[in-house]
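Peer 1: Each chain is listed here by its residues.
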Amino acid sequence: MISAWLWRVIMALAPADKAQWITAMRAEAAALPQDSDSVIWLRGATWAALRLRWSDTGYATEAAALAAAMIAVDWLSGAALPAILFIAITALVIISRCRHHVWPATVVAGGTLPLAHYLANLDRSLWPYYQFKPLDRSDWLILALLPLLAFAIAFASSRLIGCRIK
Amino acid sequence: MPRRPHSSPQAIALLSAFLDGDSQWRHGVSLARETGLKPGTLYPLLIRLDSAGYLESRWQPPEKAGRPARHAYRLTALGRAFALERLATRAKPGLRLA
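Taken in sequence, the protein lines are chains A and B. Per our numbering, the first sequence starts with residue 1, numbered consecutively. Per our numbering, the second sequence starts with residue 1, numbered consecutively.
Just so you know, the hints here were simulated from the structure itself, not pulled from any lab data. Think of the CB as a built atom: it goes at the ideal place given N, C-alpha and C, for glycine as much as any other residue. One thing to keep in mind: the hints can contain errors.
Sample of chain B residues facing chain A (criterion: CB under 7 Å; computed from the structure) [unchecked claim]:
1. Gly28
2. Arg33
3. Tyr43
4. Pro44
5. Ile47
6. Arg67
7. Pro68
8. His71
9. Leu87
Each computed DSS-like pair below joins lysine-lysine, with the alpha-carbon atoms no more than 27 Å apart [what the hints assert, rightly or not]:
10. B/Lys38 x B/Lys64
11. A/Lys18 x B/Lys64
12. A/Lys18 x B/Lys38
Work the whole structure out from these sequences, hints included.
Peer 2: Have a look at this one:
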């Protein structure tokens with residue numbers, strides 16, 4: 001009874017398109033000669049469901065957290081070096097998951113700060129806090145270069161760890 | 001050096017078990033027993049191999065009444081070629097530093 005309830009919880013943990021794999025594990029657990037071994041399969045299914053869930057949503061969570069952290073660092077320091085370092089870290093972390101490859105990594109790593117600055121400039125009440133002056137030509141040049149930097153880092157790291165470029 | 005996909009010792013053990021099975025449909029329990037992999041390691045590997053097109057899977061009717069249908073797996077032609085290539089690469093002697 002408890003076991004059936006636990007299996008239902010595990011099924012709910014897994015992404016819907018991968019649920020058949022948890023069903024398969026449940027069927028294997030039912031085929032075991034000894035009930036004691038089924039605990040190992042229950043534990044394994046929990047672990048597999050969590051891994052599947054993380055690989056399904058972890059990318060977006062990680063990218064959003066990195067983008068938020070990047071804006072926070074930029075807001076608090078305002079200096080170029082921490083921002084560039086963070087762009088590099090973001091590109092490396094995102095591409096290291098080896099799933100959505102270079103372009104999404106470039107968009108998040110290189111696009112977050114230009115977009116944040118652009119939006120901050122739209123709201124004049126934010127200027128004293130985030131952007132002290134309207135963006136001039138050199139600012140736009142720097143912001144345009146950031147995605148290129150992110151792309152270069154994402155591309156280089158993807159080659160390094162053997163991801164296919166998409 | 002680029003990381004080679006499905007080249008971990010666990011993946012090699014699983015591919016080797018499939019090759020030993022000689023195109024027979026295999027179940028999770030027998031694969032876990034043969035490779036020594038725990039279910040939580042085995043199934044994510046199976047899923048990755050399946051996504052890469054190296055495995056085919058099907059639901060088999062239960063052997064006994066009242067038991068659920070079981071999911072069975074075997075290598076595709078692509079998977080077989082990949083497994084042979086991986087095992088051959090693995091068998092080559094490594095470079096000596098001294």
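Peer 1: Among all the numbered hints in the text so far, which are the ones the structure does not match?
Peer 2: 2 and 9
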